[in-house]
Amino acid sequence: MKRLSWFNVTSLTFGFAFLYLPMVILVIYSFNSSKLVTVWAGFSTRWYGELLQNDQMLDAAWVTIRVALASATLATILGTLAAYVLVRSGRFLGRTLFGGMIYAPLVMPEVITGLSLFLLFKPIFNQLGIHTIILAHATFSMCYASVVVSSRLVSFDRSLEEAALDLGATPFEAFRLVTLPIIAPAVISAWLLSFTLSLDDLVIASFTTGPGATTLPMKIWSAVRLGVSPEINALSTIMIGIVTIGVITASLASKRAAVRRAGEERAAVRT
Amino acid sequence: MPQTVFAPWDDPNEKPLIRFQNVTKRFGDFTAIDDISLDIYTREFFALLGPSGCGKTTLMRMLAGFETPTEGTILLSGQDIAPVPPNKRAVNMMFQSYALFPHLSVWENIAFGLKREGKDKGTIETRVAEMLKLTRLEKFKHRKPHQISGGQRQRVALARSLAKAPKLLLLDEPLGALDRKLREETQFELMDIQEKTGTTFVIVTHDQEEAMTVASRVAVMDEGKLMQVATPDRIYETPNSVYVADFIGDVNIFEGRAHQTGDKVQMIWADGQPPLSCTTSKNFSLDQKCWLAIRPEKIAISAERPQAANTVRGKVIDIAYLGNISTYHVALPSGQMIKAQAANTRRIERRTFTWEDEVWLSWTDTAGVLLDR
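These protein sequence lines are chains A and B, in that order. So the first sequence is numbered by my numbering: it starts at 1 and just counts up by one. So the second sequence is numbered by my numbering: it starts at 272 and just counts up by one.
These are calculated hints, taken from the structure and not from any lab test. Wrong hints could be hidden among the right ones.
[To be verified] Taking lysine to any residue and the SDA-like style, the derived pairs with C-alpha atoms no more than 25 Å apart in a straight line are:
id, chain 1, residue 1, chain 2, residue 2
1, B, 438, A, 159
2, B, 359, A, 259
3, B, 390, A, 171
4, B, 392, A, 171
5, B, 359, B, 348
6, B, 438, B, 284
7, B, 404, B, 452
8, B, 386, B, 367
9, B, 392, A, 176
10, B, 415, A, 259
11, B, 390, A, 179
12, B, 390, A, 180
13, B, 359, A, 89
14, B, 586, B, 521
15, B, 392, B, 415
[To be verified] Looking from chain B toward chain A, a few residues come up when the C-beta cut is under 10 Å (computed):
id, residue
16, 357
17, 373
18, 432
The beta carbon of each residue, even a glycine, is placed where N, CA and C say it ideally should be.
Chain A with its partners taken away, still in its complex shape (with noise of 0.2 Å):
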């Protein structure tokens, strides 16, 4: 292998500092005994405790895995469906358009995004709450599902549902008994993927919530304003493990599906 000249070596360093250096720091003050959030005063883990004693925080937490986990599920499906459209009908009036637009949210500013979602729930919901959160996020991670499981199907065998339609299933039988099964880590990893992203959501979420319902993102943002406390340092410590855990298991889930499936399409469709 070649060796690294001391340039590639300098820049690696420095892409990766300016990348975890401030999560590193934030990792390791989390673990800080001292009150003060600057000053290292020894290990401890009291911050953890007493952020289990915190019941808005605790709240905070719940509301936020019960958004991440409808909005996932939503997401899953709608995107799921769009894909599989997308991807099957060949070409129809408008394909491309509709196609493009499902995209468009990947790049849409979140403030934007946020914006117009508020002024569509503003009238429908007499309240805004946990429900418009759930479907505004499902709303913007539904586009990354979308992209997760069409990039699956392009590589699916068409006449594989065409033989199971062949022997007497209806097309929903086809979906539900060949293709899905078949691309069920896709699915996953399009799910893990925007439970992520519901996870991390701070704009959106803000724009969109009401009385009651604020997420941990929302909670810490507002707490940092009154004077960063350890407690945070904690809970971000915690969510970042949450997050990268599952960013880990959707690629290594994808992935290793992805070799398997490569391995079965060759053996099953030819010699």
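Go by the hints and put chain B onto chain A.
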């Protein structure tokens, strides 16, 4: 003992199982199937033969229900099947890629169609066991498709498509993925299974040997049209066009002009050469352009000029020695290359001619077929 010959297509009282009536299929500007009318009878093993892109697969997919005709009707047992979706047709298909469900075991693959019919557990188990026995797959029933060989996968696909006892089984290039030896074995196996089950088979293939081996009748297709529909021996012996003659097996084609007297035709084909004589039942007008097609095995090759209706002189350019027979490539003075086949009844060192030798080619006046297109 006289045997009844299976030839329902010659019986005017026989009702066809499938009837294509002036079927045309267009994809945009492209005409895949061009005004085809065709009858296929119960218990037939019918082969659709043609080069890729000739429309044979489209014709089959219309039977399965994955395509609908642009014009014309397809009748299955007298009923128009256009409005029937693929999952409601008594037709099953064996896919070219086999399309086995990778997440299901061999047993579950075969049972898939039966379960969709809502059959009870006992019936399904009996039927699947029957199919496993028919295709000799009992040992592999718990395996997944990627854990078995190509030949076994092919048999799973066949068992799965036969499990519902369809009126009609469609086979799309079923043996394309198998090696030559396995393919030949499987051809006979297919014929055996077709006879045992009494199912009507329609097979799509581009391999003329395969079509000739398995089929009761062959339809030769080109560019969306049926060129000829006949039994394998008639397709081979009496092709109706240069295209069919050339597509099936080896053939020599002489082009010339016809001079007909009765059933004899003298064909003027080259300056300074005596005309070729042959018999025909067709009528040719004077000087009509025509083609004489002769199979290599019907041309004799000799060092001395023999007594025969047609003799031409040429020079041996190439000899393909195949053990039991040899194919000689002989150049005529006009430059045309003629293939002649001879059985190697004598030892190779005792042959009287070899490369670069002048030889005589000869054939009788009934050996060839005179074609008008």
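Evaluation of the provided hints:
About 21 Å separates the Cα atoms of residue 438 of chain B and residue 159 of chain A, which keeps this hinted pair within 25 Å; it holds. Straight-line distance between C-alpha atoms of residue 359 of chain B and residue 259 of chain A comes to about 36 Å, which puts the hinted pair past the 25 Å bound. Taking the CA atoms of residue 390 of chain B and residue 171 of chain A, the gap is about 19 Å. The hint holds against a cut of 25 Å. Proximity of residue 392 of chain B to residue 171 of chain A is assessed by CA-CA distance (about 23 Å); at most 25 Å being required, the pair is judged to hold.
Taking the CA atoms of residue 359 of chain B and residue 348 of chain B, the gap is near 15 Å; set against the 25 Å cutoff, the hint holds. For the proposed pair residue 438 of chain B and residue 284 of chain B, the alpha carbon gap of about 20 Å is at most 25 Å, so the pair holds. Proposed proximity of residue 404 of chain B and residue 452 of chain B is supported: the alpha carbons are some 22 Å apart, at most 25 Å. With a C-alpha separation of about 23 Å, the suggested pairing of residue 386 of chain B with residue 367 of chain B holds against the 25 Å cut-off.
Pair hint residue 392 of chain B plus residue 176 of chain A holds up; C-alpha atoms about 21 Å apart against a cutoff of 25 Å. The hinted pair formed by residue 415 of chain B and residue 259 of chain A meets the criterion: a straight-line CA distance of about 17 Å does not exceed 25 Å. Of the pairs offered as hints, the one joining residue 390 of chain B and residue 179 of chain A holds, with about 23 Å between alpha carbons and a cut-off of 25 Å not exceeded. With a C-alpha separation of about 24 Å, the suggested pairing of residue 390 of chain B with residue 180 of chain A holds against the 25 Å cut-off.
Pair hint residue 359 of chain B plus residue 89 of chain A holds up; C-alpha atoms about 21 Å apart against a cutoff of 25 Å. A C-alpha spacing of about 20 Å is found between residue 586 of chain B and residue 521 of chain B, which places the hinted pair at or below 25 Å, so the restraint holds. Restraint check: the Cα-Cα separation between residue 392 of chain B and residue 415 of chain B comes to about 21 Å, which is no more than 25 Å; the hinted pair holds. Using the Cβ-Cβ criterion of 10 Å, the hint placing residue 357 of chain B at the interface with chain A is satisfied: the shortest such distance is roughly 5 Å.
Given hint, residue 373 of chain B at the interface with chain A, holds; its Cβ is 5 Å from that chain's nearest Cβ, closer than 10 Å. About 8 Å separates the beta-carbon of residue 432 of chain B from the nearest beta-carbon of chain A, less than 10 Å, and the hint is met.
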